[in-house]
Amino acid sequence: MVNCSPQLLDRTFGALADPTRRRMLERLAHGDLCVTDLARPYSMSLPAVSKHLRVLEKAGLVRRRRRGRVHSLKLEARPMQQAQAWIEEYRKFWEESFDRLDQYLKDLQAKEKNEHPK
Amino acid sequence: MSTQNNRIETIAAQPFIITREFAASRELVWKAWTEPERLRQWFGPKGFTGTTFKLDLRPGGTLHSCLRAPDGKEMWGKWVFQEVRPPELLVWVHSFSDKDGGITRHPLSPAWPLELLTETTFSERGGKTVVTLKWIPVNATDEEIKTFNHAHPGMAQGWGGTFDQLAGYLAKN
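These protein sequences, in sequence, are chains A and B. In terms of the numbering used here, the first sequence opens at residue 1 and continues consecutively. In terms of the numbering used here, the second sequence opens at residue 1 and continues consecutively.
Keep in mind that the hints were calculated from the coordinates and are not lab data. Fair warning: there could be bad hints in the mix.
[To be verified] Listed below are the simulated DSS-like cross-link pairs for lysine-lysine, each with C-alpha atoms no more than 25 Å apart in a straight line:
id	chain 1	residue 1	chain 2	residue 2
1	A	106	B	46
2	B	134	B	54
3	B	31	A	92
4	A	58	A	74
5	A	113	B	128
6	B	46	A	111
7	B	99	B	54
8	B	134	A	113
9	A	106	B	99
10	B	134	A	111
11	A	92	B	128
12	A	74	A	51
13	B	31	A	106
14	B	46	B	31
15	A	111	B	99
16	B	54	A	113
17	B	73	A	111
18	B	73	B	128
19	B	134	B	46
20	B	73	A	51
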């Protein structure tokens with residue numbers, strides 16, 4: 001079983017639920033950026049961008065470093081890895097259910113064939 | 001490290017989609033999902049036994065189910081249906097629950113915290129049935145479900161992109 005804080009995982013997925021925030025993370029995956037650079041491609045006010053950033057920071061996905069007046073933003077990968085481990089667990093739940101469904105359907109059809117031979 | 005990166009890349013391809021083809025008619029597969037007595041016989045991981053399955057199949061209705069783990073522990077789950085379109089589409093919010101239907105954390109793993117918006121489509125292909133299950137973790141507030149619905153069907157690609165980018169990032173760091 002995955003061992004990490006449920007609150008952190010909630011915040012990670014909550015932060016990732018928004019497409020703007022996902023795009024921000026994608027851009028940070030290419031390298032650190034300052035807030036104004038990060039805000040540039042969006043037709044969005046700086047306060048709105050800051051609001052998204054706070055959500056990402058709270059989820060531990062982004063870390064802010066202050067160099068004088070410039071705030072540089074860095075992607076933090078660890079919460080993402082935990083989210084992926086969790087995704088894998090859920091996938092396993094369904095894969096195993098599907099194995100059983102496959103067998104159930106086969107058994108059912110074999111039984112019907114025996115009961116109603118053509 | 002390299003094993004882990006491989007794993008991440010595998011997931012990056014299609015993080016929230018599971019597809020399987022079943023050698024049965026779509027009507028039969030639909031019945032297996034929507035009749036509690038049938039669902040009970042296959043739903044759950046290997047070694048689990050379905051015990052209680054209470055179903056009210058309509059938008060807003062619920063499935064309240066109990067699986068018994070091999071060690072005897074009970075695992076209650078709850079689906080709240082959003083869309084029911086026989087025999088092709090089921091959409092529901094999936095969560096763990098207690099025996100009274102309240103939403104809870106995963107009993108065996110506290111790191112299973114979330115509600116999952118799940119969309120299952122059933123399509124026919126040459127007498128067989130292809131089931132595609134898409135899901136996304138949500139804290140199922142109205143706003144977040146709306147976000148998901150708007151993003152759909154680009155949802156999976158969007159996330160896939162994010163995971164691809166991050167896989168690259170993780171490989172470098």
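- Find the hints from earlier in the document that the structure breaks and name them by number, from lowest to highest. Numbers 8, 9, 10, 15, 16, 17, 18 and 20, in rising order.
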